[in-house]
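Participant: Residues per chain are reported as follows:
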Amino acid sequence: MEINQIINNFIQIANSPDKAIKQSCERNHKNAVGCVAPYAPEEIIYAANCIPVGLWGGEVELRKARTYLPAFACSIMQSVMEYETKGTYDILKAVLIPAMCDTLKCFGQKWKGACPAIPFVYPQNRRVKSAELFLENEYKSITKKLEDILNVDITEKALKESIILYNDYRLAMREFTEIAAVHTTTISPTVRHQIIKASYFIDKKEYLCYIRELNEKLRLQPVEHSKNKRVVVSGIMLEPKGILSHFESLGIDVVGDDLAQETRQFMTDVPFAGDALKSLARQWINHNACSLAFDPYKQRIQHLVDLVHHFKADGVVLALMKFCDPEEYDVPIIMSKMKEENIPLLVIEIDQQAKAFEQINTRLQGFVESMDD
Amino acid sequence: MSIINESMTSKEMLNILVAKNMEDARKAKERGDLVCWSSSIAPCEFCEAMGIYTVYPENHVVGIAARKGAPELLEYAERKGYSNDICGYARANLAYMDVQKCVSEELPLPDLVLLCNNICETLLKWYENIAYELNIPLLIVDVPYNHDKEITEENIQYVEAQFHDIIHQLEVICNKPFDEKKFQEVMKVSAQNAKDWYDATMLCSARPSPLSGFDMFNYMALIVCMRGKKECGMTFRKLKEELEEKISRGECGLKNAEEKYRIMWDGIACWPYLSHTYKVLKKHGINMTGSTYPSAWALEYTPGNLFEMAKAYTGMGNNLSLEGQINLRKSIIEETQCDGVIMHMNRSCKMCDFLQYEVGKELNDSLNIPITTFDGDQADPRNYSKAQYETRMEALVEMMSENIPSRNSSGN
Ligand code: SF4
Ligand code: SF4
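Just so you know, the sequences run in chain order A and B.
Going from the first sequence to our numbering is simple: count from 1 and add 46.
Quick note on numbering: our numbering labels position 298 of the second sequence as 287, and the sequence is numbered without any gaps.
These aren't lab readings, by the way, just hints derived from the structure by calculation.
Be careful, since some hints might not be right.
To be verified - Computed list of lysine to aspartate or glutamate pairs in EDC-like fashion (alpha-carbon distance at most 20 angstroms, straight line): (1) A/K186 with B/E230; (2) A/K190 with B/E143; (3) A/K368 with B/D74; (4) A/K344 with B/D100; (5) B/K300 with B/D137; (6) A/K344 with B/D87; (7) A/K324 with B/E143; (8) A/K385 with B/D87.
Said to hold, decoys possible - A few chain A residues that face chain B, going by a derived Cβ cut-off under 10 angstroms, partial list only: (9) T113; (10) Y114; (11) A119; (12) D148; (13) L150; (14) K156; (15) F166; (16) Y168; (17) Y343; (18) Y375; (19) D376; (20) I380; (21) V393; (22) I394.
All C-beta atoms in this analysis are idealised placements derived from N, C-alpha and C, irrespective of residue type, glycine included.
Use the sequences and the hints to build the structure in full.
Facilitator: This is how it looks when you write it as structure tokens:
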């Protein structure tokens, strides 16, 4: 396939998740299981011969969700709630819901979709050995519940194979972000986002083939020397798409990210720890520099600085999900660190339900000018 | 010698002790002894055993908010970059950490922090920030959410393992061996205090209730701040005696008012408007007899048994599944014979709010009990409207009176 074809394929998948999931399930004779953002042991789902589907909300008008959630819940969970009640997720056989924050804790208890919900906990005191054991047990219980719901056996062999596949996928994604950073004309902010997002809606095996092919082809293209400003984006997600189009019209390239929906998904491999579930548990123990993984040393802050240097970025855009506690607490610290490091920073507010982006546009414009200074 | 004695009323004891606790911590800081900031339902037993002075930011902000001093701190936090939808306790405390000045008692800065997320995950981020900004050690008891009906062995084992880790960390921080003997004593005291707290506060089951629920909000300071100290239990035993006397006289906890309706208050008090929220209820003869507070600190465990202790800290109301939270409320409503429920839609606390719809619906359906909600905030005065509160309470009274025709006809 030509580069353009591969990219268009990704864009189509990202633009019509329903269709993509359905077709991928049919092609591969699999079922779909949802993972409410941000994290889930997708490998277990995959080993159950299912396609893990990332549920990250979307641009949907809130109607029923208003009954179940106060207005001050993050917009991503508002949209997920709306989709639950609308029947959008009826294709799913089960959903996994991690109790990562107060919103998600409650969310795991109030699932309104048709399929069963499996709430689970990521331990946060990861310095103690028993955290790994605890998580291994959580994973055992998820495995058991999935086996019962789906009427399948999840074998150790299948788990190990799926870990290998997912580690390959993570590696390919990390390569992609590196290559994309020097091909920002072809891989515009919107395209970059859509490519990464597409991974949530098809079989990872298929996705891996596409992304590897794209990586290979892109690598053979000359480096693109764009005059655009280069930024690293941080936060939960950079959506709605309306925002990304302003990045493009203002000449801002996304060269790297620290988004939960994007790079945080593939920055930590599953290490080999013998048993498959133990290995999966250890991945979480090793997962650092993330606002959602407890860390009194705030490695995320230094990580952001490192990303800026690594990608030779001109600044950082913090895409702050409104009403997201884990992210909001980091803001003042990021602000002061960036000031100290002389790295331009812009904080924009993310609301999936927003329709007008003039204000963000104006602020981005000001930001571009400030980076010129 | 104790600074309180049996001739004092429980209220006198309370005031002396709360002031003393803060004073002791300030003096300790001056002397160079260790001061710890702790979340409100964290296991205090370990620091207490090591002679570390512990103070409680949540309780400190309550004092500030009730004296109407929160806005300055909240504004400071916002200027610093904290979004105004973050928990008001956290915002005010993080601001206080910088400015160290407030309208209430001054809180000495910590040398270490202890957090236990059995009430919310917000604490993780809040305490992360304190530890990072002050560059001090952080002790954490990570309590997994009980997403299923039962509290699992795995959850408890994970918590218990962390207790051992804390002991080890404290030895390093304090540079001395863990004081096992003192620890045993403290556990006994804490367990007794928790029981005394529960016994006293549950006397609001009597009809009329001898205690105004709003008075209980005051006594709460003690169970939060001094659960590891003997004087705490002495005060609650005294309170219990006083309440028993009131019961024998048929006296009601509402000052100069008759108890016509009994409600369960669901959520945290609206501290900046404590007096308004109370007076409106009193005007209607409503007493708050039910709340989740008596059970919140009723941490029952056999002293010396760390597994049981871990279980007690894991089974907190906020940490229960939806079903567990509903059952907890059902039993409170039944035990304290409530006629209605007031739910505080607290802009500060997602954990208190995001299951309200489901909890309310189930209570309403199964107990046929009227429920009202109002918008407020435990610390930020901007999120409360007196008019809305008044209207909602009127509506609640109307619904309750329909449910209790006999009491309604007995006249106003
Ligand atoms: S509050 Fe943040 S972490 Fe929690 S569900 Fe919302 S976006 Fe995700
Ligand atoms: S008020 Fe709510 S969010 Fe704030 S510390 Fe208490 S439980 Fe946590």
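Participant: Hint by hint, say whether it matches the structure.
Facilitator: Against the structure, the hints:
1. At roughly 51 angstroms between alpha-carbon atoms, A/K186 and B/E230 are farther apart than 20 angstroms, so this suggested pair is violated.
2. The straight-line distance between the Cα atoms of A/K190 and B/E143 is roughly 16 angstroms, inside the 20 angstroms bound, and the hint therefore holds.
3. With a C-alpha separation of about 9 angstroms, the suggested pair A/K368 and B/D74 falls inside the 20 angstroms cut-off, and the hint holds.
4. Of the pairs offered as hints, the one joining A/K344 and B/D100 holds, with about 18 angstroms between alpha carbons and a cut-off of 20 angstroms not exceeded.
5. A threshold of 20 angstroms between alpha carbons decides the hint, and for B/K300 with B/D137 the separation of about 15 angstroms falls inside it, so the pair holds.
6. A hinted pair counts as satisfied when its Cα atoms are at most 20 angstroms apart, and A/K344 with B/D87 qualifies at roughly 19 angstroms.
7. Between A/K324 and B/E143 the CA atoms are separated by roughly 15 angstroms; this keeps the pair inside 20 angstroms, and the hint holds.
8. Of the supplied pair hints, the one linking A/K385 and B/D87 holds, its CA atoms being roughly 18 angstroms apart against a limit of 20 angstroms.
9. Annotation: interface hint on A/T113 holds; nearest CB of chain B at approximately 7 angstroms, less than 10 angstroms.
10. Here the hint on A/Y114 is kept, as its CB sits about 5 angstroms from the closest CB of chain B, short of 10 angstroms.
11. A cut of 10 angstroms between beta carbons decides the hint on A/A119: the least distance to chain B is about 6 angstroms, and the hint holds.
12. Among the interface hints, the one on A/D148 holds; its C-beta lies about 4 angstroms from the nearest C-beta in chain B, closer than the 10 angstroms criterion.
13. Annotation: A/L150 was flagged as interfacial toward chain B, and the flag holds, the nearest CB pair being 8 angstroms apart, inside 10 angstroms.
14. With its C-beta approaching chain B no nearer than about 5 angstroms, A/K156 sits inside the 10 angstroms limit, and its interface hint holds.
15. Against a cut-off of 10 angstroms between C-beta atoms, the interface hint on A/F166 holds, since the closest Cβ of chain B lies about 7 angstroms away.
16. Checking A/Y168 against chain B: minimum C-beta separation of about 9 angstroms stays under 10 angstroms; hint holds.
17. Residue-level restraint check for A/Y343 holds (minimum Cβ-Cβ distance to chain B is 7 angstroms; threshold 10 angstroms).
18. For A/Y375, the interface hint holds, the least distance from its beta-carbon to any beta-carbon of chain B being 4 angstroms, beneath 10 angstroms.
19. Hint on A/D376 holds. Least Cβ distance to chain B is approximately 8 angstroms, under the 10 angstroms limit.
20. Because the smallest distance between the Cβ of A/I380 and any Cβ of chain B comes to about 8 angstroms, under 10 angstroms, the interface hint for this residue holds.
21. With a cut of 10 angstroms, the hint placing A/V393 at the interface with chain B holds, because the nearest CB-to-CB distance is about 8 angstroms.
22. The interface hint given for A/I394 is broken, as the beta carbon of that residue sits about 13 angstroms from the closest beta carbon of chain B, more than 10 angstroms.
When each numbered hint is compared with the structure, violations occur for hints 1 and 22.
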